[in-house]
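Trainee: The chain contents come next:
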Amino acid sequence: MIEIGRVVMKIAGRDAGQIGLIIKILDEHNVLIDGEVRRRKCNINHLEFIAKVLKIKAEASSSEVRAALKTSGFDILEKKSVKKDVAPRPKKVRKIKVHEDKQLDVKKAPEEKTAGKKHAAAKKGEPKPVRKAPAEKPQVKPAAKKTASKPAPK
Amino acid sequence: MPSGKHKSRSMRRVFVKTPGNRTVVHYRKRKPAKAKCGKCGAVLPGVASERPVYLRKMSKTQKRPERPYGGILCSKCLRILMKDKAKAISAAIGGKND
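Sequence order for the protein chains is A and B. Read in my numbering, the first sequence has 24 at position 24, and its numbers run on one by one without any break. Read in my numbering, the second sequence has 77 at position 77, and its numbers run on one by one without any break.
Watch out, some of these pointers could steer you wrong.
Below, simulated DSBU-like cross-link-like pairs (lysine-lysine); rule was C-alpha separation at most 30 Å, straight line [to be verified]:
id	chain 1	residue 1	chain 2	residue 2
1	B	K83	A	K83
2	B	K83	A	K41
3	B	K85	A	K70
4	A	K41	B	K57
5	A	K24	B	K85
6	B	K60	A	K70
7	A	K55	B	K83
8	A	K41	B	K76
9	B	K83	A	K57
10	B	K83	A	K24
11	B	K87	A	K55
12	B	K63	A	K24
13	A	K84	B	K57
14	B	K85	A	K55
15	A	K41	B	K87
16	A	K84	B	K60
17	B	K87	A	K57
18	A	K41	B	K85
19	B	K85	A	K57
20	A	K83	B	K60
21	A	K41	B	K63
22	B	K63	A	K83
Please keep in mind that the hints were generated in silico from the structure rather than gathered at the bench.
Using the sequences plus the hints, can you model the full thing?
Mentor: This is the structure we're talking about:
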């Protein structure tokens, strides 16, 4: 009855009602089982033998045991994976108004850039406090970005 | 004299000794009955029997054993059930072989 490859069902513990294979005999009271049950030592008193012996080598790997059980017609539950593959949360991108003077758009044609500079030159007559507005804005950004873009607004 | 509501036996009396060396009666609500096995009627170990407010604070695993039919059948009855299940599988296989 107790031999390597014997199909058994656990009758006690968390794995009760699940099917396994004996893959190694440890001593007169204990065997090593694997399959639908967790791979571990088990007392023979906690096993109920099923009238089937499968051909398997001693100390086979879990995947081999599961494959053998499936091919011989036993309905085995797939192991539930604990980790969930969750898509990363979409990062919120805030629209920040950049001051005209500070536009560093490389994609723009150089002609447009000079045009902007000319425009800025014309604007120089205006009072300066307008420039400070973008410097203060980084504080409004979310916490993750605060350390990176924290100027010293004094 | 105890007030009328305290005379009910649904509240249990607990004698408490105060720091002023007097013995006073405190009225406490009773715990619910312990859960019994669905088949044989034996008391189920590992199943919490507390008032709802305490049960709500407990986690799921603290309230029943982590086992098929945990909290419903005692371990003895579960083993009998599993043995019958295994024997049924053996019989089905035996039928196929023939």
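Trainee: Next step is simple, just say for each hint if it's right about the structure.
Mentor: Structure-based check of each hint:
About 34 Å separates the Cα atoms of K83 of chain B and K83 of chain A, which puts this hinted pair outside 30 Å; it is violated. Between K83 of chain B and K41 of chain A the CA atoms are separated by roughly 20 Å; this keeps the pair inside 30 Å, and the hint holds. For the proposed pair K85 of chain B and K70 of chain A, the alpha carbon gap of about 19 Å is at most 30 Å, so the pair holds. Between K41 of chain A and K57 of chain B, the direct Cα distance comes to roughly 35 Å. Violation of the 30 Å bound is thereby established for this hinted pair.
Among the hinted pairs, K24 of chain A with K85 of chain B is consistent with the structure: their alpha-carbon atoms are about 24 Å apart, no more than 30 Å. Taken as a hint, the K60 of chain B and K70 of chain A pair is broken in the structure, with Cα atoms around 33 Å apart against an allowance of 30 Å. Between K55 of chain A and K83 of chain B the CA atoms are separated by roughly 24 Å; this keeps the pair inside 30 Å, and the hint holds. A C-alpha spacing of about 21 Å is found between K41 of chain A and K76 of chain B, which places the hinted pair at or below 30 Å, so the restraint holds.
Restraint check for K83 of chain B and K57 of chain A: the C-alpha separation of about 27 Å stays at or below 30 Å, so the hint holds. Of the pairs offered as hints, the one joining K83 of chain B and K24 of chain A holds, with about 22 Å between alpha carbons and a cut-off of 30 Å not exceeded. Proposed proximity of K87 of chain B and K55 of chain A is supported: the alpha carbons are some 21 Å apart, at most 30 Å. Between K63 of chain B and K24 of chain A the CA atoms are separated by roughly 36 Å; this puts the pair beyond 30 Å, and the hint is violated.
Restraint check for K84 of chain A and K57 of chain B: satisfied, since their Cα atoms lie roughly 27 Å apart, inside the 30 Å limit. For the proposed pair K85 of chain B and K55 of chain A, the alpha carbon gap of about 24 Å is at most 30 Å, so the pair holds. The hinted pair formed by K41 of chain A and K87 of chain B meets the criterion: a straight-line CA distance of about 23 Å does not exceed 30 Å. Pair hint K84 of chain A plus K60 of chain B holds up; C-alpha atoms about 21 Å apart against a cutoff of 30 Å.
Taking the CA atoms of K87 of chain B and K57 of chain A, the gap is about 26 Å. The hint holds against a cut of 30 Å. The straight-line distance between the Cα atoms of K41 of chain A and K85 of chain B is roughly 22 Å, inside the 30 Å bound, and the hint therefore holds. A C-alpha spacing of about 27 Å is found between K85 of chain B and K57 of chain A, which places the hinted pair at or below 30 Å, so the restraint holds. Between K83 of chain A and K60 of chain B the CA atoms are separated by roughly 20 Å; this keeps the pair inside 30 Å, and the hint holds.
For the suggested pair K41 of chain A and K63 of chain B, the alpha carbons sit about 27 Å apart, so the restraint of at most 30 Å is met. A C-alpha spacing of about 25 Å is found between K63 of chain B and K83 of chain A, which places the hinted pair at or below 30 Å, so the restraint holds.
Checked against the numbered hints given earlier, this structure breaks hints 1, 4, 6, 12; the rest are met.
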